[in-house]
Every structure is written in C-alpha cells, then in structure tokens.
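2 protein chains.
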Amino acid sequence: MKEVLKNLDKAFENRIRLGIMSALVVNDNLDFNSLKNLLGLTDGNLASHLKTLKKKEYITYKKEFLNRKPNTNYFATNKGIAAFKKHINAIEQLLK
Amino acid sequence: MKEVLKNLDKAFENRIRLGIMSALVVNDNLDFNSLKNLLGLTDGNLASHLKTLKKKEYITYKKEFLNRKPNTNYFATNKGIAAFKKHINAIEQLLK
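Here the protein sequences line up with chains A and B, keeping their order.
So the number in the numbering used here is just where the residue sits in the first sequence, counting from 1, plus 134.
So the number in the numbering used here is just where the residue sits in the second sequence, counting from 1, plus 134.
Just so you know, these hints were derived from the structure itself, not from any lab.
Which copy? The list can't say, so a pair holds if one copy fits it or any two copies do.
Listed next, the in silico SDA-like pairs over lysine to any residue satisfying Cα-Cα at most 25 Å (straight line):
#, residue 1, residue 2
1, Lys140, Ala181
2, Lys144, Lys189
3, Lys170, Lys230
4, Lys170, Glu137
5, Lys170, Asn148
6, Lys140, Ala157
7, Lys197, Val159
8, Lys185, Leu229
9, Lys220, Val160
Hey, can you work out the whole structure from these sequences and the hints?
Structure (structure tokens):
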C-alpha cells in the first residue's frame with residue numbers, strides 16, 4: 135500500500151486540479167471560459183490552478199484569435215495524461 | 135461537472151487520508167501500528183491525519199489491552215463509509 139500511496143500525484147490532490155485534468159483528458163481541448171463554466175470557478179482560481187499544472191508540464195496551451203478576440207485553448211500533454219492515468223490507477227489499486 | 139466537484143470530499147484530498155480511509159473501508163478494523171506499517175508513515179504523521187478523520191466523525195476507535203499493552207483499533211464509521219463512497223463515485227463520474 136505504501137507504493138500505491140507514492141503513485142498518487144500531489145498535483146491531483148486538489149480537487150479543482152483533478153477536475154481540470156479530467157476535463158482535459160476526456161475532452162481534446164478546452165478554452166479558458168469553457169473550463170471556467172464547466173468547473174464553476176472564478177477567473178483567478180482557475181488561472182492559479184492552470185499555472186500549477188503548466189509548471190508541472192501536465193498541460194499546455196495555444197493562443198488563437200476567434201472573431202479578432204484572443205482565445206486560449208488548453209490541452210493535456212502526454213506527460214500529463216500519463217501522470218493522470220498513474221494517479222487514477224493508484225486510486226483503483228487502493229480500493230482493491 | 136460543477137456538481138461532481140462538490141461531491142469530492144476535502145477530507146480525502148490529502149493522499150494519506152485517502153489511504154487511511156481506503157484501508158479502513160477494505161479492512162474491518164486496523165490498529166495504529168498496522169496502519170502505520172501499511173501506509174509507511176511516522177507516528178506523528180499518522181496521528182495527525184487520524185485526528186482530522188476523527189473530527190469529521192469518519193473514523194472511530196476502541197482501546198483494548200493486548201498482552202497487558204494498550205492497543206487502539208480504528209474503524210470507519212457509517213458516516214465515513216458513506217462519505218468515502220460518495221467521493222469515489224465522484225471520481226468515477228469525473229472520468230466519464
């Protein structure tokens with residue numbers, strides 16, 4: 135069980151980050167407002183957790199223009215998807 | 135997804151508390167040393183997280199004597215089991 139606990143990722147202990155990551159693994163990509171509405175967060179709260187996940191290189195983003203307005207799309211990286219799967223597997227192991 | 139995030143229990147965000155609760159849901163009861171060894175924790179660290187879970191009334195304990203030595207057994211309460219199931223269901227919902 136010790137080894138399983140080590141496989142739980144501290145980055146996903148926070149439920150908002152777990153939510154962001156789930157959303158970006160399930161969906162191909164989501165822009166800031168979609169994530170905000172999906173998770174029911176304030177701009178500041180979402181921005182702060184996105185920053186943490188970007189620092190870990192678990193997500194990345196792409197800035198585009200939609201009707202001349204800047205729009206930022208967020209994606210899970212391969213590293214992020216692998217870390218997320220490892221975390222979810224560890225939870226499943228815990229329950230065995 | 136907002137509603138699902140709300141069903142994630144803050145008490146189980148911490149991976150050690152998630153580990154303790156999993157251990158007490160899967161096993162009928164565990165004493166302090168068994169929990170400590172199972173999760174690979176120090177006395178202080180385990181005691182601190184047990185205290186948090188006791189405060190939430192998610193676990194309870196029973197003091198006994200084993201070969202004249204005091205021994206404390208920990209159990210998940212019905213409230214704790216229900217909270218844990220809700221948390222795990224929310225994680226499963228997130229992944230859909």
